[in-house]
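Engineer: What follows is the residue order along each chain.
There are 2 protein chains.
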Amino acid sequence: MDSSKIIVQKYGGTSVKSPERIKAVAERIRSYREKGFSVVVVVSAMGKTTDDLIGLAKQVTQNPSKREMDMLLSTGEQVSCALLAMALHEINIDAVSYTGSQIKMMTDGNFSNAKIAGISTDRIFKSLSDNKVVIIAGFQGIDEDDNITTLGRGGSDTTAVALAAVLKTRDCEIYTDVDGVYTADPRIVSSTRKLKEISYDEMLELARLGAGVLHSRSVEFAKKFNIRVHVRSSFSYDEGTIVMPVEEMMEKFIISGITSKQDEAKVTIREIPDKPGISARLFNELGKEKIYVNMIVQSTGQDNRASISFTVKKEDLKKTMEICTELNKEFGGTSVDSKENIAIVSAVGVGMLSSYGVAGKIFGVFSDQNINIEMISTSEIGISCVIDSIYAELALKILHKTFVDAE
Amino acid sequence: MDSSKIIVQKYGGTSVKSPERIKAVAERIRSYREKGFSVVVVVSAMGKTTDDLIGLAKQVTQNPSKREMDMLLSTGEQVSCALLAMALHEINIDAVSYTGSQIKMMTDGNFSNAKIAGISTDRIFKSLSDNKVVIIAGFQGIDEDDNITTLGRGGSDTTAVALAAVLKTRDCEIYTDVDGVYTADPRIVSSTRKLKEISYDEMLELARLGAGVLHSRSVEFAKKFNIRVHVRSSFSYDEGTIVMPVEEMMEKFIISGITSKQDEAKVTIREIPDKPGISARLFNELGKEKIYVNMIVQSTGQDNRASISFTVKKEDLKKTMEICTELNKEFGGTSVDSKENIAIVSAVGVGMLSSYGVAGKIFGVFSDQNINIEMISTSEIGISCVIDSIYAELALKILHKTFVDAE
Numbered sequence: 001m002d003s004s005k006i007i008v009q010k011y012g013g014t015s016v017k018s019p020e021r022i023k024a025v026a027e028r029i030r031s032y033r034e035k036g037f038s039v040v041v042v043v044s045a046m047g048k049t050t051d052d053l054i055g056l057a058k059q060v061t062q063n064p065s066k067r068e069m070d071m072l073l074s075t076g077e078q079v080s081c082a083l084l085a086m087a088l089h090e091i092n093i094d095a096v097s098y099t100g101s102q103i104k105m106m107t108d109g110n111f112s113n114a115k116i117a118g119i120s121t122d123r124i125f126k127s128l129s130d131n132k133v134v135i136i137a138g139f140q141g142i143d144e145d146d147n148i149t150t151l152g153r154g155g156s157d158t159t160a161v162a163l164a165a166v167l168k169t170r171d172c173e174i175y176t177d178v179d180g181v182y183t184a185d186p187r188i189v190s191s192t193r194k195l196k197e198i199s200y201d202e203m204l205e206l207a208r209l210g211a212g213v214l215h216s217r218s219v220e221f222a223k224k225f226n227i228r229v230h231v232r233s234s235f236s237y238d239e240g241t242i243v244m245p246v247e248e249m250m251e252k253f254i255i256s257g258i259t260s261k262q263d264e265a266k267v268t269i270r271e272i273p274d275k276p277g278i279s280a281r282l283f284n285e286l287g288k289e290k291i292y293v294n295m296i297v298q299s300t301g302q303d304n305r306a307s308i309s310f311t312v313k314k315e316d317l318k319k320t321m322e323i324c325t326e327l328n329k330e331f332g333g334t335s336v337d338s339k340e341n342i343a344i345v346s347a348v349g350v351g352m353l354s355s356y357g358v359a360g361k362i363f364g365v366f367s368d369q370n371i372n373i374e375m376i377s378t379s380e381i382g383i384s385c386v387i388d389s390i391y392a393e394l395a396l397k398i399l400h401k402t403f404v405d406a407e
Numbered sequence: 001m002d003s004s005k006i007i008v009q010k011y012g013g014t015s016v017k018s019p020e021r022i023k024a025v026a027e028r029i030r031s032y033r034e035k036g037f038s039v040v041v042v043v044s045a046m047g048k049t050t051d052d053l054i055g056l057a058k059q060v061t062q063n064p065s066k067r068e069m070d071m072l073l074s075t076g077e078q079v080s081c082a083l084l085a086m087a088l089h090e091i092n093i094d095a096v097s098y099t100g101s102q103i104k105m106m107t108d109g110n111f112s113n114a115k116i117a118g119i120s121t122d123r124i125f126k127s128l129s130d131n132k133v134v135i136i137a138g139f140q141g142i143d144e145d146d147n148i149t150t151l152g153r154g155g156s157d158t159t160a161v162a163l164a165a166v167l168k169t170r171d172c173e174i175y176t177d178v179d180g181v182y183t184a185d186p187r188i189v190s191s192t193r194k195l196k197e198i199s200y201d202e203m204l205e206l207a208r209l210g211a212g213v214l215h216s217r218s219v220e221f222a223k224k225f226n227i228r229v230h231v232r233s234s235f236s237y238d239e240g241t242i243v244m245p246v247e248e249m250m251e252k253f254i255i256s257g258i259t260s261k262q263d264e265a266k267v268t269i270r271e272i273p274d275k276p277g278i279s280a281r282l283f284n285e286l287g288k289e290k291i292y293v294n295m296i297v298q299s300t301g302q303d304n305r306a307s308i309s310f311t312v313k314k315e316d317l318k319k320t321m322e323i324c325t326e327l328n329k330e331f332g333g334t335s336v337d338s339k340e341n342i343a344i345v346s347a348v349g350v351g352m353l354s355s356y357g358v359a360g361k362i363f364g365v366f367s368d369q370n371i372n373i374e375m376i377s378t379s380e381i382g383i384s385c386v387i388d389s390i391y392a393e394l395a396l397k398i399l400h401k402t403f404v405d406a407e
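Residue numbers (the numbering used here), protein chains in the order written: chain Y, 1 to 407; chain H, 1 to 407.
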């Protein structure tokens, strides 16, 4: 089969939330068929189905087995793919739905967060050559013992990109409830604009910063296999944002997105001996408790003593403080304190790679507004600053004005 | 494994209709484990789930593909088996749930009404020997191309009995919303009583007469493999009714059940030539339209002319009359007429096999009440009479009094 005529499309929960929306999706698929495409569709569960199923499980047990949760949750996608097949039949388009098991979407056995190990394309190619639309339940797979697994929240994006990779298509469309990737949250910054293009690394950085429209693993997959991912809305026919290799981008902004998140808290351990092994010990202990640490800054003070500051999710703060207080005694530090009212404001852009002085310019902007920067961390394509949360909105707006509106 | 220590239990939709009911089922399973049983459980979809899913499909299309309906409906049982596994884990009983696909419940490819072709016991025996409760999604299987199939309404009963057969257990418990099989509908006959035992053939006859508690195919399976099926309620610990081989029954009543149904209409074609091929032609034409004919009576009149009366479902009456009117012209009969206000009152009992004069006694009872019998048909273990529907309740009560209360 000519892979250039195959398109993979993924429709998220809001796009298939009702029988009416499912029929609208069928019409959209028809328009692609009329353009000569063979269509492979990945669907999520309808609307709030996954949450409803989780709610049912919670009524049975507070601590459900992950294997059984995957058994439970995988039904949501199975329902929507059967309904979409019916909607296509209704408008005289031949279509067939498959579960993850039926197309041998093989994963490891890590229930609730499984990784794709391989996909058999035989059945998909056979159905496509029979002129059928192939509809695949997203989010799910099976392990080598035929247990049902799921890929974690948002995993249907990964299903779609992985299918694009094995079917060797160049393009994958992800239909979601937003119409693309914006330079900032439109609810806060009125001058925000939709990006036509964004690189894989910027998209990953945005996902890490909580502003991601896509499941990070799907972006990693897209990067690895060079898939162009078109993020767009199923409620309009407007173009969205294409996530693509940086080399192919037509225009590269120094900064393509500004984000702000307030779901983390800062912890500081003061004046502990600055000797090897201390940090390793601290972060290993946190890792054992599955506490995810985001930003880390270590400063050297006097008398060979250092302070370490880092951020964790607010829900992990209590546990983190217990661990740190215990370790602080052992290390002989002076104190452990925490701050919850912080915001992490970040600027992301591939242009930073080739542009000097971006960090300095950002610090200047903050200084002009008398905003104190409590922590700074940088990556090749991003700068994050921890500031007091009362300045979060101001910082977002002023950075957007300085870097995005000005471009 | 010692099959005599394995019990197969099936819990119907009302038994698992809510998280609370599912927890109650888990407790019941615990009580069997404590008695030393290895438990294999078959579950139906929760409460009205199947109807809800059918409703969703109807909103998408009036004419859903059977393959996709099976894909859709099979999710209901998958949800309840995952939840039951969680409920067992919650009370520290190891359990694992399997879909039809996972235990290779192989069927033919007749979607929506598939027949079981074979079941692999490897995975079930393995899990039982690991001391797990094995929970299996009822109603579903897969065909040889790995498509999901369903066994038709009530098919979970068949799943359970088929499992009892392949696991070579003697007993299968079917938990339902009634606590057994009664001699008549308790809503009409107050003196009705629960039968301790009933034979396979009586149960099949009752199912045909619309008074069946079990899916007929499950009873055929039970008969074929000699499985004792215990029909009982999940809302109490009382004994229900055991469906068993007639030879093993302790007491055989002449009549074990009286039923009445009013969902059929009578059609009569009068004075058509009494020659070979006429009836065949008539019922073949009806068969082509998938119209199910229940009772048939042919009477010979004068001049080599005969009348044929038969009953069909009321919803098929219009179509039936169209076909009969057309054929009547061709046959040269005098008229076609129909009557909707009829009742089919039946008496069922294995005792009839060895008891003379039951039919005569029934006719006498009707005659005493001036109830006119419009059609009669008999089988080895049953007699059915068509009467005017105004006498339905009276007939049921008087037959029950004469044959059941008197025993």
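The hints are simulated quantities; they were obtained by calculation from the structure and are not laboratory data.
Possibly wrong hints are sitting among the right ones.
The list cannot tell twin chains apart, which means a pair is met if one copy fits it or any two copies do.
Calculated lysine-lysine pairs in the DSSO-like style (CA-CA distance at most 27 Å, straight line) [as the list claims (entries may be wrong)]:
#1 K313 / K261
#2 K5 / K35
#3 K104 / K126
#4 K196 / K318
#5 K168 / K35
#6 K58 / K17
#7 K58 / K23
#8 K196 / K126
#9 K58 / K48
#10 K132 / K66
#11 K58 / K132
#12 K318 / K397
#13 K17 / K401
#14 K319 / K5
#15 K288 / K58
#16 K104 / K329
#17 K115 / K104
#18 K66 / K126
#19 K318 / K223
#20 K23 / K66
#21 K5 / K313
#22 K58 / K361
Engineer: Hint by hint, note whether the structure agrees.
Structural biologist: Evaluation of the provided hints:
Proximity of K313 and K261 under a CA criterion of 27 Å is satisfied intra-copy only: 11 Å inside one chain copy versus 65 Å between copies. For a Cα distance limit of 27 Å, the shortest separation of K5 from K35 inside one copy, 10 Å, qualifies, whereas the shortest one across copies, 62 Å, does not. Proximity of K104 to K126 under the C-alpha cut-off of 27 Å is found in both arrangements, the shortest distances being 14 Å within a copy and 23 Å between copies. In this assembly of identical chains, the alpha carbons of K196 and K318 never lie at most 27 Å apart, being 42 Å within a copy and 61 Å across copies at closest.
Taking the shortest alpha-carbon separations for K168 and K35, only the intra-copy value of 19 Å comes in at or below 27 Å, while the best inter-copy value is 57 Å. With identical chains, the CA atoms of K58 and K17 are at most 27 Å apart both within one copy (23 Å) and between copies (15 Å). For the identical chains of this complex, K58 and K23 are inter-copy neighbours only, at 12 Å across copies versus 32 Å inside a copy, given an alpha-carbon limit of 27 Å. In this assembly of identical chains, K196 and K126 lie within 27 Å of each other by CA distance neither inside one copy nor across copies; the values are 35 Å within and 55 Å between.
Proximity of K58 and K48 under a CA criterion of 27 Å is satisfied in both settings, with 15 Å inside one chain copy and 20 Å between copies. In this homomeric assembly, K132 and K66 come within 27 Å of each other (Cα to Cα) only across copies, at 16 Å, whereas the closest approach inside a single copy is 34 Å. In this homomeric assembly, K58 and K132 come within 27 Å of each other (Cα to Cα) only across copies, at 22 Å, whereas the closest approach inside a single copy is 39 Å. Taking the closest pair of Cα atoms, K318 and K397 never come within 27 Å of each other, the shortest separation being 32 Å inside a single copy and 72 Å across copies.
In this assembly of identical chains, K17 and K401 lie within 27 Å of each other by CA distance neither inside one copy nor across copies; the values are 37 Å within and 56 Å between. In this assembly of identical chains, K319 and K5 lie within 27 Å of each other by CA distance neither inside one copy nor across copies; the values are 53 Å within and 48 Å between. Proximity of K288 to K58 under the C-alpha cut-off of 27 Å is restricted to the intra-copy arrangement: shortest distance 25 Å within a copy versus 50 Å between copies. In this assembly of identical chains, the alpha carbons of K104 and K329 never lie at most 27 Å apart, being 53 Å within a copy and 59 Å across copies at closest.
For the homomeric pair K115 and K104, the shortest alpha-carbon distances inside one copy (13 Å) and between copies (25 Å) are both at most 27 Å. In the homo-oligomer, the alpha carbons of K66 and K126 lie at most 27 Å apart only across protomers (21 Å), although the nearest pairing inside one protomer, at 34 Å, exceeds that limit. When the C-alpha separation of K318 and K223 is checked against a cutoff of 27 Å, the pair qualifies neither within a copy, at 37 Å, nor between copies, at 63 Å. Only between protomers do K23 and K66 lie at most 27 Å apart by alpha-carbon distance; the minimum there is 19 Å, versus 33 Å within a single protomer.
In this homomeric assembly, K5 and K313 never come within 27 Å of each other (Cα to Cα): the closest approach is 44 Å inside a single copy and 51 Å across copies. With identical chains, the CA atoms of K58 and K361 are never at most 27 Å apart, being 49 Å at best within one copy and 60 Å at best between copies.
In summary, the numbered hints that this structure violates are 4, 8, 12, 13, 14, 16, 19, 21, 22.
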